[in-house]
Amino acid sequence: MTTFSLRAAKQPRPLLALLGLGLAGLAGCQTNIDAPPAASAGTLDFTSYVAIGNSLTSGYSDGGLYNEAQATSYPAILAQQFAATGKGPASFVQPAFSAARKDGSGYAKLQLVNGALTPVTPSVSNTFLGEQVAYTGSTLPSGQAQLEAYSGAQPDNLGVPGISVLSSLNALTNNLAPYGIINPFYERLLTAAEKPTKDYVTYIGQKSPTFFTCWMGNNDVLTYASAGGVASAANPFSGLTDTTRFGMGYRAILQTISKGGTVKGAVANIPNVTAVPYFTTVTVGAVNTAIKANAALPNASAASLYITTGTGTVRAATSGDLLVLTSQAVIGSRSTTANPLPIGVGYSAAQSNPLPSQYVLDADEQTAVLARTAQLNAIIAKTAARYKVPVVDAFTFLTQVGPGVATNAINNSATYASGNLFSLDGVHPTPRGYAIIANEWIRVINSYYGASIPQVAPNDYRAVPFP
Amino acid sequence: MRLHSLLLTGGSLLAATTGALASGFQVNLTGTKNVGMGSTGTGLYLDAASQYYNPASMVFAPAGVQIGGNMAIPRISFRPGSADQGQRTLQNKNVFPFSGFASFGSDKFKVGFGTYTPFGSELHYQQGWEGRYALTDITLQSVFVQATAAYAITPQISIGGGLVWSAYGDVNLQRDIPVQGAGASAPAHVTLTGNSEKKFGYNIGIMLKPSDKFSVGISYRSAIDQHVSGGSVALSNVPAGLASSFSATGFDVTLPLPDVYSIGFGVRPSEKLTLAFDANLVGWSRYQQLQFNYSGGVLGGQPSSVSKRQYDDALAFRLGGQYMVTKGLTLRAGTFYDFACVRDGFVTPETPDADRFGVSGGLSYQAGEHLGIDVSFLFEDFMQRSQSQQDLINNGTTDRVAGTYKTTIVAPGVGLYYKF
Numbered sequence: 001m002t003t004f005s006l007r008a009a010k011q012p013r014p015l016l017a018l019l020g021l022g023l024a025g026l027a028g029c030q031t032n033i034d035a036p037p038a039a040s041a042g043t044l045d046f047t048s049y050v051a052i053g054n055s056l057t058s059g060y061s062d063g064g065l066y067n068e069a070q071a072t073s074y075p076a077i078l079a080q081q082f083a084a085t086g087k088g089p090a091s092f093v094q095p096a097f098s099a100a101r102k103d104g105s106g107y108a109k110l111q112l113v114n115g116a117l118t119p120v121t122p123s124v125s126n127t128f129l130g131e132q133v134a135y136t137g138s139t140l141p142s143g144q145a146q147l148e149a150y151s152g153a154q155p156d157n158l159g160v161p162g163i164s165v166l167s168s169l170n171a172l173t174n175n176l177a178p179y180g181i182i183n184p185f186y187e188r189l190l191t192a193a194e195k196p197t198k199d200y201v202t203y204i205g206q207k208s209p210t211f212f213t214c215w216m217g218n219n220d221v222l223t224y225a226s227a228g229g230v231a232s233a234a235n236p237f238s239g240l241t242d243t244t245r246f247g248m249g250y251r252a253i254l255q256t257i258s259k260g261g262t263v264k265g266a267v268a269n270i271p272n273v274t275a276v277p278y279f280t281t282v283t284v285g286a287v288n289t290a291i292k293a294n295a296a297l298p299n300a301s302a303a304s305l306y307i308t309t310g311t312g313t314v315r316a317a318t319s320g321d322l323l324v325l326t327s328q329a330v331i332g333s334r335s336t337t338a339n340p341l342p343i344g345v346g347y348s349a350a351q352s353n354p355l356p357s358q359y360v361l362d363a364d365e366q367t368a369v370l371a372r373t374a375q376l377n378a379i380i381a382k383t384a385a386r387y388k389v390p391v392v393d394a395f396t397f398l399t400q401v402g403p404g405v406a407t408n409a410i411n412n413s414a415t416y417a418s419g420n421l422f423s424l425d426g427v428h429p430t431p432r433g434y435a436i437i438a439n440e441w442i443r444v445i446n447s448y449y450g451a452s453i454p455q456v457a458p459n460d461y462r463a464v465p466f467p
Numbered sequence: 001m002r003l004h005s006l007l008l009t010g011g012s013l014l015a016a017t018t019g020a021l022a023s024g025f026q027v028n029l030t031g032t033k034n035v036g037m038g039s040t041g042t043g044l045y046l047d048a049a050s051q052y053y054n055p056a057s058m059v060f061a062p063a064g065v066q067i068g069g070n071m072a073i074p075r076i077s078f079r080p081g082s083a084d085q086g087q088r089t090l091q092n093k094n095v096f097p098f099s100g101f102a103s104f105g106s107d108k109f110k111v112g113f114g115t116y117t118p119f120g121s122e123l124h125y126q127q128g129w130e131g132r133y134a135l136t137d138i139t140l141q142s143v144f145v146q147a148t149a150a151y152a153i154t155p156q157i158s159i160g161g162g163l164v165w166s167a168y169g170d171v172n173l174q175r176d177i178p179v180q181g182a183g184a185s186a187p188a189h190v191t192l193t194g195n196s197e198k199k200f201g202y203n204i205g206i207m208l209k210p211s212d213k214f215s216v217g218i219s220y221r222s223a224i225d226q227h228v229s230g231g232s233v234a235l236s237n238v239p240a241g242l243a244s245s246f247s248a249t250g251f252d253v254t255l256p257l258p259d260v261y262s263i264g265f266g267v268r269p270s271e272k273l274t275l276a277f278d279a280n281l282v283g284w285s286r287y288q289q290l291q292f293n294y295s296g297g298v299l300g301g302q303p304s305s306v307s308k309r310q311y312d313d314a315l316a317f318r319l320g321g322q323y324m325v326t327k328g329l330t331l332r333a334g335t336f337y338d339f340a341c342v343r344d345g346f347v348t349p350e351t352p353d354a355d356r357f358g359v360s361g362g363l364s365y366q367a368g369e370h371l372g373i374d375v376s377f378l379f380e381d382f383m384q385r386s387q388s389q390q391d392l393i394n395n396g397t398t399d400r401v402a403g404t405y406k407t408t409i410v411a412p413g414v415g416l417y418y419k420f
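Line by line, the protein sequences give chains A and B.
If you're matching positions, the first sequence starts at 1 in our numbering and goes up one per residue.
If you're matching positions, the second sequence starts at 1 in our numbering and goes up one per residue.
Just so you know, these hints were derived from the structure itself, not from any lab.
Errors might be hidden in some of the hints.
What the hints assert, rightly or not - Short, incomplete list of chain A residues facing chain B, as computed with Cβ under 10 angstroms:
#1 Pro36
#2 Leu112
#3 Pro454
#4 Asp460
Cβ atoms here follow ideal geometry from the backbone N, Cα and C, with glycine treated the same way.
Starting from the given sequences, assemble the full structure and let the hints guide the process.
In structure tokens, the structure reads:
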């Protein structure tokens, strides 16, 4: 018995040692999942990538252009992803503000005001919320405050907030309105000599891209829509741009940036501007509920929201009318006229203090905006086909994304502030929104050119910061 | 020395076990002898651990006392479906399932007591990983105790049953919250912790042993839901402006655990060789959704959260054998194939389930008539499993992440037994 067990006791030892070795080997071995195929530019060359566009291209967010948001513009994200293919660009220059004035035109912030989350816009009266703004103190002939001149290397992101196709080519307005002395975001990019003469088409012609993106046309409908369908007599760019001049301008832009069709690129069309939170946050239904619950009103249950339509008619608002974000501050405020009712409140067309037309995009105005958007998008599609570049269908994309788009367990939507996609101005995306847009550009470019540019993780880009 | 320290670790009170030793978050590491044979045992009567596999067979097994423990060493990797920034690996943490059993009595009637860790999961994902808003960390621990009686109606037929008590259970779930604080450096984070209520369940079995060469067993283990009520919600880095949307202080949740039907066969072609075959049907389809009800307020503006699970019942097939080399030394080997209970498009980070193949081996060395030591070793290889964002959208499961998971587990184990 004893001898047996001694002998046996020795036997397991080498086995155990082997087992131990095997363990050490297996335990140290991390499981591996094959990496996706390497990034490839296909036949594309991103050595010199140039982005053409308006505020969406510049990285404008929260009602302003500032360095932090500019750094996550979709062209900046695209350039970063293009670089992953090894085909450049080595650097992508954006017209940043100087470090001491990094907050540029200033930007809105969510703040707790009397315990309620409120978007607060920077202004002289609130000392720009402590932001390091880049205003020079001078005023442009258009009445807008001048911004610090940009003095760095020639930018590759040529996005200019506010610019439209109509304002890109002086010839379209018979040189009546030199854009370089109207728009502070364009003015800051030009030399003193260029300001009165150099239009945007000429400006972008200075670049020699190997690849370009172009997202123009939004402001040819948005400026009008966001003003509640009211065009300003003093501003030739505040209406819905007609198709003739849009076509001329758009062709000039693509002809110029593609060097006559020899440079590859991609364009995006005009999104459904009425689907953004700027138009969908303040609803007629919610306003009516608030009016009817207002105990200060006589016979409040009979009262409702009254509006002035684009044709001057006064009528009760319906769910088909869109109220702009800025109407929130106006509706219900005490009338400054002799009218005893608060603004927006009425019992009948005759007994009302109707909301002024610039705060409401009524049903007829929406129809006009959408019809023009469709016409202009048709021109974009046709011109893109002529220059053999793919179209990012921003109209369809934003319609799909609006109700909700999930990014790695986060549900994002077009809901104001909490939806993560749109910044506090209700029109321009957050960095997260720009990342999602950049991914759509990448998807279209990959599909059209047979490239495999990697997408970004949108969750790595911030949404709206809360106080 | 090595064995000694392993034994000490295995015997410690760290009952957590890795999330993936069997389909869902089952842990089939009970009984060191059984583990060495592909976790078969329903049709066998090896030792006191039979009260777990088939309580009826306990009466045919030698009476004794045994304890065993395992060190489970998981290796889990993840790659996102898009925006790949390299493979994510877990902060690999070893966990220690254990079991202990005792049985007393005659060849006609035996009683037994046992404790084991049938379910568990512990995963700590890499900082900043793509699924951080679904899960960053999970610890799920359970310790069951069981009292068993088995009766041999004849030397060929026995019945048995056990009263199972979920003596201890706790859960710790953590994830990042997708809200951004102005100027915040760390993400908002929520930790849900709680202890589960103690509940009773049972297992029953029957064993037929027409000869020494052949035995067959059938057993059933009842479901025991793990219910946490009055769990606590701990939040960090939530922006003050959103405090009213994150006011919850407590929660309750029910985690349904499955019942298990098993059938097993034991064949002894010679006195030295035993072969075993088991099949298990695990009733995971009870787990349809995970619903947290919050108390004291809301979380993310919601009074509750519901996440789809829709698990399927899962089958597992096991094959094992042992060979007695000498009177003191027995060698074992086994293999198994375990089907996933999580459907395509429903894989969650807390249970990165997949079909899996396993092999095991082991040995026993008995010094003298009574005292012996068991050693087991198990390796599980999960099939690589992917789901796309479109799969998640189609299933309404976008509260988790698209990508590919791959897991392997190594689990050495050691046990001591004393036969009366």
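Do the hints match the structure? See the list:
1. At its closest, the beta carbon of Pro36/A sits 5 angstroms from a beta carbon of chain B; the interface hint therefore holds under the 10 angstroms criterion.
2. With a cut of 10 angstroms, the hint placing Leu112/A at the interface with chain B holds, because the nearest CB-to-CB distance is about 5 angstroms.
3. Contact between Pro454/A and chain B, as hinted, is supported at the beta carbon level, the nearest pair being about 7 angstroms apart and thus within 10 angstroms.
4. At its closest, the beta carbon of Asp460/A sits 8 angstroms from a beta carbon of chain B; the interface hint therefore holds under the 10 angstroms criterion.
Checked against the numbered hints above, the structure violates none of them.
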